[in-house]
Amino acid sequence: MYKVLRLALREYYAAVRTKGFIIGLIMLPVFMSGSIIAMALLKDHVDIRERHIVVVDEAGQFSEMLKEAASIRNTQHIFDEDDSIQVKPVYSIEFVNVDTANILMQLGALSDRIREGEIHAFLHIGSSIVHPAEDPNNAFVNYHAESAALDDIRGWLRDPINNHLRRLRLEQAGIDESEIPDLFHWSWVNAKGLLKIDEDGNVIDAGASNEIRAIAVPLVMMMLMFMMSMMGATPQLSAVMEEKTQRIVEVILGSITPFQFMLGKILGGLAVALTSTLVYLGGGTAFMQWRGFEAYIPYDILPWFVVNLVVLLFMLGALMTSLGSVANDAKDAQSLSFPAMFPMMIPMFIMMPVLKEPLSTFATVMSLIPPFTPMVMTLRMASPVTIPAWQPWAGLAGVIIFTLFVVWGGARIFRTAILMQGVPLKFSNIMRWMTKG
Amino acid sequence: MNALTLNNITKTFNEFTAVDMLSLEVPDGSIYGFIGPNGSGKTTTIRMIMNILHPDSGDIQILGSPRASIDNDLVGYLPEERGLYKKMKIRELLQFYGQLKTGHGVLADVDFWLKKLDLTQWGNKKVETLSKGMSQKVQFIATVVSHPKLVILDEPFSGLDPVNTDVLLQAMLELQKNGSTVIFSTHDMATAEKVCDYVFMIHKGKKVLDGTLHEIQDKYGSDTLRIRCDSKPSGLDRIAGVDKVHDFGQSQELRISPGSNPQDILKKLMEDNTVLSFELMKPSLHDIFVRIAGAEELHHV
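As they're listed, the protein sequences go chains A and B.
Read left to right, the first sequence gives residues 75 to 511 (the numbering used here).
Read left to right, the second sequence gives residues 12 to 312 (the numbering used here).
One thing to keep in mind: the hints can contain errors.
[Claimed, not checked] The calculated lysine-lysine pairs, modelled on DSS-like cross-linking and capped at a C-alpha distance of 25 Å, are:
#	chain 1	residue 1	chain 2	residue 2
1	A	K93	B	K97
2	A	K405	B	K98
3	B	K97	A	K405
4	A	K93	B	K98
5	B	K100	A	K93
In short, the hints are calculated from the structure, not lab data.
Source: prediction; values computed, not measured.
Work the whole structure out from these sequences, hints included.
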């Protein structure tokens, strides 16, 4: 065991003593949260140039209302509350007569005006918008702009238009709006957690279930696991390939067995990843406590996170080192790294559906498939729902058995392939080495 | 006691038999030279001794114990292809290799060997800054720093200049003096002749020579004439009783046929040339090697 630990120590020092490791340690969270930081930094840097919007109203019902809505917004909602500086753009509305005979030509011409920068967007309201049932094909409100899907104006238009439609319908039904004062009061559906009854029978109110707890915490844990795997296991593939091609392996094998060599490399990578994890978890926890967000720290999940991370790194480490022993050059290593990353990539692909319904059959099954268990089970456990208590244990048992199999198979491939130079990279060769040694 | 015993070991790779029923006994405390053309099975044999490859049949004993029951800590190994971590500092690297074998710090030994091989000032430099010859010496230190009982060196002199070759030879002799057994493979016959107590030759996976240099030479008898003339001699290959001529420029070696009289050859030679020196001798190891390996292998050597 001493030899394994000595080799692991060398691997560890070789990784953590480099400037690259320190820079990576600092830059990783910056890259991970880069878009959030950028959004926070740029939130006050809004383009406040006037937005000129042309309305083609085939229903003929919206000209006054939209102008009034824009006017209210331009006078009341575009200034900073503290220093009255304009922080949002002015919306100016222009109505044009509808050319019913050549409506498409008219829309085309307006599109050209957008392209030329004359106007920002145009709104096309169908003739049957007030009573869609009469002519469903013409019951539309289309917003045309160069980036219509992401444009804030589209979202702003929704409320004034829909409220106005309701008013029109009430009016036509002969109902006086003033008789129903709360007619346009919209209610939010609040996201709340589950209530608790303590030992004394007191009911503890449910806390607010917000996006941070529901989405950010699982995502951060998943991303951290992914990044630690990238840092601790993935580099093993090219490292072993280099040691093989530079003939270092034969020197080492003069002192230790191939299995000890492989195990030392896996443990070295594991130590590197756990060092980074310690830094991030420690730093993250301290930061959250300092900023008063301690309630969002999932202390109950952290032990499971660490256990699953260790198992994942062992599994990936065995996979990467054995595949590294098969590679003859950087090209081979690159080809092999793609399938080797499946246990990390598949959970990333299914992250959102699992997060949305952590108790679904799909999420449960995926979290019990050993290669995906560490990441998917952690994701489910970090979500706000309570998953059945047996599932994390069953998942852990499965992944440990699978990891032992990967280490066994990987060691058989490793001991055969590590001294072979120039043997073509073939799936059949890898399988033969694993089954027959 | 033998430091190493090979008993009918065979190793095949698919259809190719790299080592075929090889038996060998290496006495404790000896220097044993492994010679053989490229691809003859030297490195495969050494890898089996090191337990890196496993023989298909036969058994290996090291220091009197079966190979499987003895770990590599007692054996120092310098592979044919050099492998050093380029980014590591030399002292750290040598410590690492020493610790892998011994399980404890070997800094004093590292410094001893660095001084001995004139590398002290390079101790804190990275491996990537070393020349090929210096890397070779560092690799040698990595092999012997743990005081192994059996030292196996695969082509230790390749890439070394004559001065460093002598330094390494002296180091090998010192290891022997301190009780280690040294096995080394080489293509340098002159070096093998100089230091080896025993020479073993493998060709196409089979043992073709084994014994002391004198024993090997005695098998061939005194069948070589070395001559030196005042000018380049001509027509040597036409002299009756001469099987083969090896021209070294300033001197020539003639292999004489069994039963031929060297004096008759000298007489014939003197008819056309002025002979400055004439010596009847046993064949050199080089000559024996070439006779066995043949012209094709000579080309590779």
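Status of the hints after comparison with the structure:
no., hint, result
1, A:K93 x B:K97, "17 Å, holds"
2, A:K405 x B:K98, "23 Å, holds"
3, B:K97 x A:K405, "21 Å, holds"
4, A:K93 x B:K98, "13 Å, holds"
5, B:K100 x A:K93, "16 Å, holds"
Violated hints: none; the structure is consistent with every hint.
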